[in-house]
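In this note's numbering, the protein residues as written are 4 to 464.
No false leads were mixed into what you were given.
Straight-line Cα separation of at most 27 Å, DSS-like style, residue types lysine-lysine; simulated pairs:
no.	residue 1	residue 2
1	298	17
2	282	305
3	319	298
4	305	319
If you are wondering where the hints come from, they were derived from the structure by calculation, not from laboratory data.
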Amino acid sequence: MKLLITAKWLSLDKTSEAICTSKVIKALDAAGHEILCLTSDPAFVARTDWFTLPWLGAARVLHIRRCGQSPPALKLDKLRQAIAARGALGAQLARKLDTALAYATGYRTSVWQEVSAWRHAIQTVAHAEQPDCLYIRGAGVELEPHLAMLDRPVPQPWVAHYHDPFPMSRFPEPYRYEVPLLARRQEALHRNILRQADALTFPSQRLLEWVLPTELAATRAKAVVIPHLGMDLPGDEAANALPTELQLDGSQFNLVHAGTLLGPRLPWALIDGFLEFLKAAPARQAQARLWLIGKANSAHLKDPRWQAAAQHPNIKLTNQRILYGQSITLLRAATATVVLEAEAQESPFFPAKLADYLWHQKPILALSPKPSVTADILGRDYPLIVTPGDARGVQQALNALWEAWESATLNRFVLGAETLNAIHADTVVAELTRLFTALTTGQSVAEQKPATVNAHLLPLQ
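From just these sequences and the hints, can you work out the full model?
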């Protein structure tokens with residue numbers, strides 16, 4: 004089957020969705036599908052024709068800015084630019100015009116200009132290559148490819164993938180952000196995407212039900228759960244080598260969190276629980292290390308608790324994003340891994356890093372709300388789940404990990420073959436193929452769903 008897949012990002016070291024999309028492309032390519040990929044990733048804008056990437060197999064990639072004649076500039080954007088060229092007052096008026104457009108339509112001209120570029124690229128490639136189906140993926144709340152598909156610019160069936168809730172007004176607290184009139188416009192666009200797409204995919208059942216609540220439940224008939232893939236992507240071994248300061252001593256007890264610490268993801272309970280855990284025995288002080296690897300929010304960096312932790316000999320902090328391959332090298336060497344989420348009433352997010360932790364069969368200390376995708380996957384009785392602000396719970400979980408490490412029984416914290424099978428490329432590709440086949444043969448998506456779409460992996464507790 005020939006598939007056209009959109010990817011806002013493909014650089015593995017930029018966003019989690021770039022990693023997730025790359026895995027899907029690689030898996031579908033390896034299964035024998037012919038993959039065409041359109042991207043807006045600025046890292047590849049200089050490529051003037053179709054190209055391939057080492058981690059995507061034989062999939063052919065084209066930048067949206069290289070699809071023949073560029074799409075015409077939006078008339079309103081031409082007007083805005085003409086006004087902006089008329090000195091300081093003109094620039095001020097242009098900004099007001101742009102703001103007015105955002106309140107009227109949901110987005111500023113820069114976003115609509117990118118939507119226009121995506122639409123032009125999709126039409127150009129779909130006409131020239133005649134794919135059987137389109138799989139439309141964005142990045143978080145960057146859904147320009149989805150918006151480009153509204154009013155069906157091409158005749159082929161299309162699937163809309165949601166990596167996160169959309170828009171920001173639909174996020175849970177404390178991530179939620181809402182500008183009232185703007186949010187209503189964006190939510191109307193969201194409903195149009197849901198209505199017009201031939202099928203919808205979500206990485207978890209909880210996100211599916213979060214994005215499609217009761218008032219949108221009718222669209223669930225065409226929604227399918229496609230979890231993040233557990234698989235390795237080929238990489239440059241030399242480039243993925245860790246610098247000396249990040250090399251883990253395999254004889255030590257290494258607790259590793261590799262990921263961005265956004266503002267709502269507070270590390271204080273993790274740090275406090277780890278410090279209390281250290282105090283219990285001199286052996287722990289000699290052998291236990293906590294690694295927080297990745298970019299940290301500026302508020303965290305300014306916090307005295309962060310600065311104190313940075314001085315502690317058992318805690319290793321960085322404020323830089325490392326290469327994806329380096330993060331995999333780190334987690335392979337870890338004794339146990341950490342998922343750190345925000346304190347919330349519920350978390351519908353499937354942390355992309357969690358799939359890597361599961362795939363590499365690592366014990367997982369999860370600081371997650373009880374109603375969360377992480378808790379759904381790990382299971383109600385998994386002993387290493389604590390609420391994000393519970394330092395005492397962190398300490399108790401670390402006590403259990405330490406005991407298992409000393410007695411060489413860490414495998415009791417590793418999920419079994421059933422979970423690995425649910426995120427395996429063969430399983431995910433089979434489900435996607437079933438979905439694409441249903442769409443291209445005019446069958447009902449609901450009738451073609453597998454009997455239990457990974458339900459054992461992602462049940463609602």
